[in-house]
Structure formats: C-alpha cells, structure tokens
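K.L.:
Each chain, letter by letter, is given below.
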Amino acid sequence: MKIGISSTGVAAESLADPRFGRCSHFAIYDTADGSYRFIDNSAQSASGGAGIAAAQQMIDEDVEVILTGNMGPNAFNVIKGSEIKVYRVGSVSVEKAVQLFKEAKLEAISEAGAAHFGMGQGRGGF
Amino acid sequence: MNLCVLSGKGGTGKTTVSVNLAVLLQANYYDCDVEEPNGFIFLKPGRVSAEDVTVDYPVIDNGKCTHCGLCAKACQYNALANTKKSVMLFPTLCHGCHACEIVCEPKAITYSRRPVGVVEQGDGYGVHCMRGVLNVGEHMAVPVIRELLKGLNPSKNNILDCAPGTSCNVVNTLRASDAALIVTEPTTFGLHDMSIAVELIKQMDIPFAVVVNKSRDDDTIIRRYCDDNGIALLGGIPYARKAAEAYSNGRLLSELPEYRQPYEQIADKLKEAFAWN
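In order, the protein sequences belong to chains D and H.
79 is the number that numbering that gives the first Met the number 0 gives to position 80 of the first sequence; each next residue is one higher, with no gaps.
114 is the number that numbering that gives the first Met the number 0 gives to position 115 of the second sequence; each next residue is one higher, with no gaps.
The following block holds chain D by itself, in its conformation from the complex (with noise of 0.2 angstroms):
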C-alpha cells in the first residue's frame, strides 16, 4: 500500500506540511518495503484548483491513504469520490506521521476544512 503525505521536504525527516494543495512536495511511502520517494507537487504555483490538482496527483500515484494537516472542500470532493482515506497529521517529521499512523494513533479527516488554509489573513475565513 502507498501513503501519501504532504511534506515541507524531500526527507524523511522533513517537517509534514500542514497545506494539501500548496504544499511544496508529496512524501509516497510505500509499506510493502518501507521505501519513501519524494515528488513535486506540481500544483504549489496554480493560479487556481490547487488542491483539485494535488487530489489528482495522489489519485495517479495510486496511493490509498493521504496524511495531511488540512483538505478543501474541492480536494476533499475529490478524495471522496475516490477509495482513498485521508488522516490528520499535526507538526511532526513525515516518518513520525507515517509510524503514528501504522500504530493507529490518527484522526481519519471526515470532513473539509477551510479553503485557501494557509494562505495568509483574510484568505480563508480566519
């Protein structure tokens, strides 16, 4: 199974990005051999539907779960019409949130957050 978190890096180490849509890369871990690749996400500089197009890239990667600090409405509308479960990971190391993870110890996201989070004052209703 492939995980997919958003990352601040192109580390293990680095820091999960609480941003789905802008984040600047994907983490895609892979359970079967405990292998971590890092991809761009090509979606950081759209002008618009960013977090459609991030939801798109994890689709294609084929992965099943996505951890995360926030999803939009759009992106969570797209996960949703797919299989894949999305999980709320706080300000911890992309390992840190994939072993929180094997041991159960996340929050599955239910339902949307603000859009735009994380794109500074006045931007996303806070």
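Read the hints as simulated data drawn from the structure, not as lab findings.
Each hint can be trusted.
Here are the simulated lysine to aspartate or glutamate pairs, EDC-like style, with alpha carbons at most 20 angstroms apart:
(1) H:Lys72 <-> D:Asp39
(2) H:Lys72 <-> D:Glu60
(3) H:Lys72 <-> D:Asp59
(4) H:Lys84 <-> D:Glu60
Guided by the hints, dock chain H onto chain D, whose structure is given.
P.N.:
Below, chain H without anything else, positioned relative to chain D:
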C-alpha cells in the same frame, strides 16, 4: 468615445467620479466592476431590466466515459478531476476553452451553458445606466464584463467605471476604451498602485489623464509624479467630511454647491483632452 475610469488602488473614488461625470456630461454609464457594482446606488435608474450572462461548460456522459483522464490532464484550470470511478467537474474553475472536448476519445463530452451573472440597464438622472453583476461564488468576471461591453453605444459618449487593480477585469475594460482617466488619492498607496495602472495603459497605448480625489492642500506626491512623467493632471476633488456623508447617503457630489465647480472643471478639461462625440 469610450472613457475608462480606473485607479489601480481600490477606494480612491472611481465610482464617485464616474457617476458625477456621467451626469454632468450626459454620457452613458457602464459599471464594469461586476464583482461589486455600486454605481446604481447613486444614479438610481428606474425600471431596470436584466438579462442572464451564460458561459460554456462541459457535460460528461458517464455512459461513454472510460475514465482515461485525458480531459483532466488537458484542463489548464484544474476544473476536472478523474477519480477513476467518475470525472468530476468544478464549474466555477472552467474557462469554457473546450480542450477537454477535443481530447476526449470516446466523445463523452458535450458543452452546455450555465448562468454566471446578469447585465442590467435602466435610466437615472437622464443617464442611460448599465451594469454587470457577477453571481456570488463565481470566480470569473470577464464573461460578464464582455457581455456588458457589447451594449456600448458607438454613437454616444460612454463612461466605463472599472474594477480596481490591473487584473484581466481592468484589461478587458481598457480594450474597449478610447481614453482613460485615472482617479487617485494623495497617498503613497494611491501613487504606488496608480503607477502600475500607468504602466498598463502605456502598454495598451491609450491616451490618459489623472484626477486627484480626496485632494488636500498638499498633493505634491501626485503632482510631482505627473510632472516627471509628462501626465496631464486635470484637477482635484477636495477632501471633506461633507462629501463622505453625501456619498454614504447615495447622493451625487455634483449636487453639493462646493463640488459643482471642481467637477465642472474636470468635465471641461476632459472635453479638451479627448475626442468626444
């Protein structure tokens, strides 16, 4: 003759200047700030009629769709997602470009139209008033602006009250314009955002001039910029609490005796500066 009224910075007084000039010059008024049109508050047109503005969007035939994902890949605006069980459309992101329809091999995509706003018109103060209104939740104002500008009367003088900024909304209004009037205020922000608008207007090669709204005794910051850049400064509209109160009550400033003269001066200078019908 189409005169575009723009500012760069928001809140400098585009609508205030536009509606007062429209009444003084008896020109047609077009509110092109379709995300927040407010000119009708002042001109109070009666018997307003409305027509829907519609845009293209793709309709996916799930019976024919093979979930190959080519449409989602082709979409430059992330309006389509392929969940492998279905293709989802996010209509407000769609620009109606038809790329998805072109790449769809099983021909599962056709196009239909959906409403995104309205164009309204009526008459007030002897002025023919039109405005575009973008529906709440829609992202793209340009289709509404374009539909509104189809109503420009080429044999009349038309005042086009622009959106703030220098976005596509402003560019599309400028494209329809023969001349531009920048409304600024004597502040650093006013100057900064005006200078961006000046760059845009110069690139589009449209003749333009400047007026200072909320003018104080010292407008040096704007005067110096206009002098240094050879830009015509047509006049200033004084800053006063009384003006703000009249504005807040939806009244035309040109009805106040002390504001009649500054507006008439600007209207006269506009007639000299540009080729009016």
